[in-house]
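Enquirer: Listed here are the chains, written in short residue letters.
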Amino acid sequence: MSQVENRHSELGLSDEQVLEMYRTMLLARKIDERMWLLNRAGKIPFVISCQGQEAAQIGASYALNLDKDYVAPYYRDLGVVLAFGMTTRELFLAAFAKAEDPNSGGRQMPGHFGQKKNRILTGSSPVTTQLPHAVGIALAAKMDGENIASFVTLGEGSSNQGDFHEGLNFAGVQKLPVITMVENNKYAISVPLERQIASASVADRGVAYGMPGYQVNGNDPLEVYGVVKEAHERAMNGEGPTLIEAMTERLTAHSSDDNDKAYRSAEEIEEMKKKDSLISFAQYLRDVGVLTEEKEQALNKEIDDEINQATDEAENAPYAEPEDALKYVYAEEGGE
Amino acid sequence: MAVEKVEMPQLGESVTEGTISSWLVGVGDQVNKYDPIAEVMTDKVNAEVPSSFTGKITELVASEGDTIEVGGLIAYIDVEGSDGGSEASSGSGEQANESAEEPSQASQDQSMKKRYSPAVLKLAQENDIDLNQVEGSGKGGRITRKDVEAVIASGQVPQASTATSEPQVASQQQPSQPAQSTQPSSPSPAPSAAQGDVEVPVSGVRKAIAQNMVKSTTEIPHAWMTVEVDVTNLVKLRDQKKDEFKQKEGYSLTYFAFFVKAVAQALKEFPELNSMWAEDKIIQKKDINLSIAVASDNQLFVPVIKHADDKSVKGIAKDIVELAGKARDGKLTNDDMSGGTFTVNNTGSFGSVQSMGVINHPQAAILQVESIVKRPVYMDGMFAARDMVNLCLSLDHRVLDGLICGQFLQRVKSILESMNDDNTSIY
Amino acid sequence: MAVMSYIQAVTSALKDEMERDDSVFVLGEDVGQKGGVFKATEGLYDQFGESRVMDTPLTESAIAGVGIGAAMYGKRPVAEMQFADFIMPAVNQIISEASRIRYRSNNDWHCPMVIRAPYGGGVHGALYHSQSVEAVFANQPGLKIVMPSTPYDVKGLLKAAIRDDDPVLFFEHKRAYRLIKGEVPDDDYVLPIGKADVKRDGDDITVITYGLGVHFALEAAEKLEEEGISAHILDLRTVYPLDQEAIIEAAKKTGKVLLVTEDNKEGSIMSEVSAIISENCLFDLDSPVQRLAGPDVPSMPYAPTMEKYFMINPDKLEKAMRELAEF
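Chains as they are written, first to last, in my numbering: chain A, 1 to 336; chain B, 1001 to 1427; chain C, 2001 to 2327.
FYI, nobody ran anything at the bench for these hints, they're computed from the structure. Incorrect hints may have been included.
Unchecked claim - Once the Cα atoms are required to be at most 25 Å apart in a straight line, the calculated BS3-like pairs of lysine-lysine come out as: (1) C:Lys2316 <-> B:Lys1139; (2) B:Lys1326 <-> B:Lys1311; (3) C:Lys2252 <-> B:Lys1139; (4) C:Lys2253 <-> B:Lys1113; (5) A:Lys68 <-> A:Lys98; (6) B:Lys1146 <-> C:Lys2252; (7) B:Lys1122 <-> C:Lys2252; (8) B:Lys1044 <-> C:Lys2039; (9) C:Lys2034 <-> A:Lys175; (10) C:Lys2308 <-> B:Lys1146; (11) B:Lys1113 <-> C:Lys2308; (12) B:Lys1286 <-> B:Lys1306; (13) C:Lys2308 <-> B:Lys1005; (14) B:Lys1114 <-> C:Lys2253; (15) B:Lys1139 <-> C:Lys2308; (16) B:Lys1122 <-> B:Lys1285; (17) B:Lys1113 <-> C:Lys2159.
Said to hold, decoys possible - FRET-style restraints, in silico, Cβ to Cβ: (18) C:Gly2043 <-> B:Leu1073: 27 to 35 Å; (19) A:Ile189 <-> C:Ala2303: 45 to 53 Å; (20) B:Leu1073 <-> C:Pro2288: 39 to 47 Å; (21) A:Lys273 <-> C:Arg2020: 32 to 40 Å.
Quick caveat: nothing in here was measured; it's all calculated off a predicted structure. Backbone N, C-alpha and C define an ideal beta-carbon position, used for all residues, glycine too.
So that you can see chain A by itself, here it is in the shape it has in the complex (with noise of 0.2 Å):
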């Protein structure tokens, strides 16, 4: 079997690491292909996806302190809150807009996070107003002493926006701890890369703004681990941020309400799929013989009952009551 290099011990994870990285990869594709389903059956308005991107958002979330540290996630980061503690159940009940959803208790579209217990900022639907945030997040903990890492996504479509370009600037100058992984993805909607960014890469930009760039294969969830545990340990040491632009794929449409057939080629799209990670990493695992056949059906079984079980009790709960629209305006009289 193991002709293949052991990568991940290099990285110094362990085999149990690697597999629960995977499980979570698997989770998040799977749940992701419910919603699909849900939303195909009128069951649910909306759905944004993470197809494609879950090696990078899994890859760089297990380098990073998942206890201490924050995250400022952008839409598409179904694989990052799950490894932020967000559980199946509470994404149902996003995705279904029922009253115990942790992110806004129904109020926002799915995909607009938000968690303060695991420290997952909440979101809105303009893109890149997160970076200044989690510069803020930085800028506070350093203020404090606490030496955590603030860690930012977002698609290469928003560093086109000032926000990314002032965010950026503030934390260069300021030399704060926090790591910003645009998940490029090759596509604005449907507009693609080379009408977006005229530079060579997003990574390119960081040297403006004094830190780093580095381009990564967002296919690979171990190389991104790499670099985001690099891009951690130069945070807890003082040394500044980190821009990393790791180079994802889209494999489905922009949302439930594009098509993308539209804009890109059967080829293309083709072409793509044989990219997956969730293939490849499976690959990998199963050549270094971590994934067997057996912990693979078991885990795939184990994920569907989650997920099965998830969606009829997010489907069966309760909605906010319609007066509830006017809860939580402005702080409650008498605090909190």
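Fit chains B and C to the given chain A structure using the hints.
Expert: Using the frame of chain A, we list chains B and C on its own:
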């Protein structure tokens, strides 16, 4: 040569004052424009202040350490070669005095007297206040909320129920008075004159007539009835007497005098028609004062024959002549025109045979005496040529009904038809 | 009791709160060593050091956005926008983010942040150093907008804003900075956000305004008092959300209401105040509700003639107040 003022400049956007930290010049020093003259310290900056003039410093008004507000005087400078006409102050000299008082021409304007605000209406309703009796202190005579509050506070609330006839009757206006009617003008837009049209300005009298006519026709529900009277005998009577009368009295004995006499007599028996509407009651007047319409040029006057019931035909004829003469000469007095209780209108003088008079507010009726015309009338089994006249009555239907008016007209008719040489005295 | 200027009250409130609570810090352009372009943060850098009195790059969106992040972490940032006119790049952060954080997270996160900005005209500041920008933000539930008129109110309300658990825009009239002086108690006091304040009692007409307009109204009222006209003056102090109760009470008091703002007229704060009055006070009104405001042109020009034409001033208020009294 002229002395110019040196003022504290504004040194920064929010700065409102500056402190002279030191003078760089003294009295008698010659300075050129833009030479520094003082060091000034403000909250935002420390700066050398340059002179705005070339000349000789004559006085340092502010001392070192003084804090002077922006625009405040700090020194005088004698400027050479200047006529002194220039603007001394660097700031905005012009003081657009928009707030200068506008003379109060509001005092007699009453156009807003009956425009009530929601607050005024509410207070009036809650306190049963008759707003007609409240003086307005607002613009255009508008009654303000404070006016009403003052009335309430005074404890003397004028109520509609206690208003009674007094003010109603006392305030009656004759159409001849070019008075300040409070009637709001017609709400419909006025027509504009086309090319070639002649625009006749509306005189005060015409305006008063117009307003009174509007008031009469909008306020009074009019009804009409007409009787036909055979005055053949009256015509004979008058023909017999007229020459002698003219010779003796110096003025004509008109038919109209007989009609007025007959109406006065009938009104004595039907006081219902000698009355007026007073909102919650009808007032029957004791005196019978008959208004008669007298036209002059484009003006219409309605003088009054007082106590017509006490007067002979001759007396009435005399009043008519005198009042008509005064109207023509513009000499009618207020007294001549006030106190009318019923109007008799000599429309026959215009050749009219039928008309619908507009009641002279606040009276209850008006009688139009039409032209006397000879007509074949079937009587006593044959046609005869008779002198016939139509009497057209307009009545205030709030006060009067057809029955009583019919009876009244029948009475007038019978008086007139029975007038003849035997029973009718001119004197 | 000390007499201090409007801007000294700002500095004093910041100093007190930074001494009281370590989580309070100041960030903005030139707020550090220079002490702010208007000197509002003067002395704070020396007392609290550069980490709590932080000079930032010229980057309004990040000043707001970084502040939001720090607030979510648990700090109480006080961000300064150098001029209210320059707040526009930060509008997305303020409206899409700060104002919605509590609501969109179902009360999970909140954003206790203050954004201070000098606003207002009459200082030869032309189009981009004179504007009133409150109306841009005054229909964003989740935000509070405070616009004080006196040093006493400045100190009490700025302290309240810093202690508030939600984002507060704190607009300071830059002409008032050194023009307006007043007594300020030495003790630690806060004033309630969301409450208007009667600055003068009267019974002929009601003037509702805020900021510098309050002083113009008071000045005009003194003159009119000699003519026997008694003006009631309500200072809104918080322009969003509005103190509806106080507005209704003040409007009903005289039934003749003049609303004054130096902002452009259409869509101003006063448009909303007028709507509140018409919804609630019809049967107490004795005149149409009047607004005195800037003309509907983008902002006030630089030339003194045109600036003066745009700006409200005591003479314009006096005229409008007299006309209303005479109505």
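Enquirer: At the C-beta level, are Gly2043 (chain C) and Leu1073 (chain B) separated by a distance inside 27 to 35 Å?
Expert: 33 Å, holds
Enquirer: Take the C-alpha atoms of Lys1044 (chain B) and Lys2039 (chain C), compute the straight-line distance between them, and say whether it is at most 25 Å.
Expert: With a Cα-Cα distance of about 7 Å, the restraint between Lys1044 (chain B) and Lys2039 (chain C) holds, given a limit of 25 Å.
Enquirer: For the pair supplied as a hint, Lys68 (chain A) and Lys98 (chain A), is the alpha-carbon distance within the 25 Å limit?
Expert: Roughly 28 Å between the alpha carbons, so the hint for Lys68 (chain A) and Lys98 (chain A) is violated.
Enquirer: Keeping to a limit of 25 Å between CA atoms, is the pair of Lys1114 (chain B) and Lys2253 (chain C) held or broken?
Expert: Roughly 23 Å separates the two Cα atoms, so the pair holds.
Enquirer: Is the hinted pair Lys1146 (chain B) and Lys2252 (chain C) satisfied, with a Cα-Cα distance of at most 25 Å?
Expert: At roughly 12 Å apart (the allowed maximum being 25 Å), Lys2252 (chain C) and Lys1146 (chain B) satisfy the hint.
Enquirer: Quick check: does the Cβ-Cβ distance between Ile189 (chain A) and Ala2303 (chain C) fall within 45 to 53 Å?
Expert: 48 Å, holds
Enquirer: Is the straight-line distance between the alpha-carbon of Lys1122 (chain B) and that of Lys1285 (chain B) 25 Å or less?
Expert: 37 Å, violated
Enquirer: Going straight from one Cα to the other, do Lys2253 (chain C) and Lys1113 (chain B) come out at no more than 25 Å?
Expert: 23 Å, holds
Enquirer: Does 32 to 40 Å hold as the CB distance between Lys273 (chain A) and Arg2020 (chain C), or does it fail?
Expert: 60 Å, violated
Enquirer: Given the hint that Lys1113 (chain B) pairs with Lys2159 (chain C), does the C-alpha gap stay at or below 25 Å?
Expert: Between Lys1113 (chain B) and Lys2159 (chain C) the Cα gap is close to 52 Å, so the pair fails against 25 Å, i.e. violated.
Enquirer: So if I understand the rule, the pair passes when the alpha-carbon distance is 25 Å or less; does Lys1286 (chain B) with Lys1306 (chain B) pass?
Expert: Given that 25 Å is the threshold and the Cα spacing comes to 12 Å, the pair holds.
Enquirer: Given the proposed pairing of Lys2034 (chain C) with Lys175 (chain A), does the C-alpha separation stay at or below 25 Å?
Expert: 23 Å, holds
In summary, the numbered hints that this structure violates are 5, 10, 11, 15, 16, 17, 21.
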